[in-house]
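Visitor: Work out the full structure: start from the sequences and follow the hints.
In numbering that gives the first Met the number 0, the protein residues as written are 0 to 142.
In case anyone wonders, no lab produced these hints; they're calculated from the structure. Some clues are possibly wrong.
[Claimed, not checked] Taking lysine to aspartate or glutamate and the EDC-like style, the derived pairs with C-alpha atoms no more than 16 Å apart in a straight line are:
| id | residue 1 | residue 2 |
| --- | --- | --- |
| 1 | K52 | D65 |
| 2 | K137 | D28 |
| 3 | K137 | D121 |
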Amino acid sequence: MIVYFGFTRCTDTCPLTVMNAARLISSLDTVANRVRFLFVTVDLNYDTPERLKRYLAQFGPPPYIDGLYGTPTTLDFFAKRFGVFFKAPRSPNAPDPQAGIRHSDAVFLFNPAGQAVAIINDFGDGNPHLRSLSALVKELLTG
Numbered sequence: 000m001i002v003y004f005g006f007t008r009c010t011d012t013c014p015l016t017v018m019n020a021a022r023l024i025s026s027l028d029t030v031a032n033r034v035r036f037l038f039v040t041v042d043l044n045y046d047t048p049e050r051l052k053r054y055l056a057q058f059g060p061p062p063y064i065d066g067l068y069g070t071p072t073t074l075d076f077f078a079k080r081f082g083v084f085f086k087a088p089r090s091p092n093a094p095d096p097q098a099g100i101r102h103s104d105a106v107f108l109f110n111p112a113g114q115a116v117a118i119i120n121d122f123g124d125g126n127p128h129l130r131s132l133s134a135l136v137k138e139l140l141t142g
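Guide: Set out below in structure tokens:
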């Protein structure tokens, strides 16, 4: 499982990160169906489950990529558990709410037992390590 915190209106690292995750998953060949990419939105004022679904469909078909939307309390809890920083306006009436959104850019990789095995900080930068990450994920899945 790969987990990322972002938002659909992001024009910077979020689309690149999702695109690289889709590339990674497609490089896994026969084990690709055993990997899930979870995109957790930090923009609860704008993103909805339907908007997440439409946004993520641009990068690859379900069941590999899923969007997660929750309450502010749930988002705060999971962000804290993952050590993710985010700042988003709590009011949909905030001036230019998109400009006020900030978040960590880490991608979290989990093994099939649910244990975190890697935190990748440059995944949205045209990650030159895609081949080695693909090998790592295949090894995790096939033992």
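Visitor: Check each numbered hint from earlier against the structure, then list the numbers of those it violates in ascending order.
Guide: Hint 3 alone not satisfied by this model.
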